Amino acid sequence: MSLLNVFNIAGSAMNAQSQRLNTVASNLANADSATGPDGKAYRAKQVVFNTVPVGEQGGAGVNVAAVIEDASPMKQVYDPKHPLADDKGYVTLPNVNVVEEMVNMISASRSYQSNVEMLNTSKTLLLKTLNLGQ
Amino acid sequence: MLTRLDETLNFHAQALRVREQRQQVLASNIANADTPNYKARDLDFKAALEGALKGTPAAGGTRLATTAPGHLSGSPALAADAQLQYRTPAQGNVDGNTVDVDAERAAFAENTVHYEFNLTRLSMQIKGLLAAIQG
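Note that the protein sequences, when read in sequence, are chains A and B. Residue 5 in this note's numbering sits at position 5 of the first sequence, and the numbers go up by one each step. Residue 127 in this note's numbering sits at position 127 of the second sequence, and the numbers go up by one each step.
Watch out, some of these pointers could steer you wrong.
Said to hold, decoys possible - The calculated lysine to aspartate or glutamate pairs, modelled on EDC-like cross-linking and capped at a C-alpha distance of 16 Å, are:
id, chain 1, residue 1, chain 2, residue 2
1, A, K128, B, E116
2, A, K45, A, D32
3, A, K123, B, E116
4, B, K54, B, D100
5, B, K54, B, D6
6, B, K39, B, D100
Stated by the list, open to error - Computed list of chain B residues with no C-beta within reach of chain A, every gap over 10 Å:
id, residue
7, T3
8, A33
9, P36
10, A131
Calculated directly from the structure, the hints in this document are not laboratory data. In this text the structure is predicted, and so the values were computed from the model without any measurement. Virtual Cβ for every residue (Gly too), placed ideally from N, Cα, C.
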């Protein structure tokens, strides 16, 4: 029954997209965190998607291969009154790009929706198949 | 008699199997719409259905070994990975992904309707046979 595999495929994709939404949420929440547990400013995090085979008939699901830290340069703001300012008066702020994160969020939620619809359609088909000949 | 029944129902039953597999392949494409370097794939429906009707496994598919005339052949696996074909991307992506979500969703909807068609036809055939049996 390859139709049952659609559940696994859509499920894995929904899982991956919700992890992506999670990182977006933590990036946006920490957009102004000048310090963290390690004493350094927060670095934006990004998920890396990877294809995983599902079933024996060429199905392909998604998983999150890694959560990487964004390598773009940190924001430097001149604010000598800030308690974390260095000797030149600059504060290091997170490299979170709020606009990019919003775009990422919308893209993730659209993909999630597509997968939910796909799952619903396949579920309807399966239920109809169960009623075959009645 | 049993073979006749089988023959009547076989076409749509096989078509359903191929549709089911295509549904899975299209689902994989939509699921991997954001995966870097994923290449969208599709099934050659005509070839897959012809293969399924002839009972011959598609290239790369496997089937049960029959060593005596009474052995059942089993249902051969439909198109394996080898028979899936890559889509030609309309617009390239920087991350190497070739999924066009709109096209895939349209194909998914089309495949769903075709699946339902085969299901309805099969249901009608069964009802027709039942009517003939019960008089």
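Hint-by-hint comparison with the structure:
no.: 1; hint: K128(A) <-> E116(B); result: holds, 8 Å
no.: 2; hint: K45(A) <-> D32(A); result: holds, 14 Å
no.: 3; hint: K123(A) <-> E116(B); result: holds, 12 Å
no.: 4; hint: K54(B) <-> D100(B); result: violated, 33 Å
no.: 5; hint: K54(B) <-> D6(B); result: holds, 14 Å
no.: 6; hint: K39(B) <-> D100(B); result: holds, 10 Å
no.: 7; hint: T3; result: holds, 19 Å
no.: 8; hint: A33; result: violated, 6 Å
no.: 9; hint: P36; result: violated, 7 Å
no.: 10; hint: A131; result: holds, 12 Å
Hint check: violations occur at hints 4, 8 and 9; the rest are consistent with the structure.
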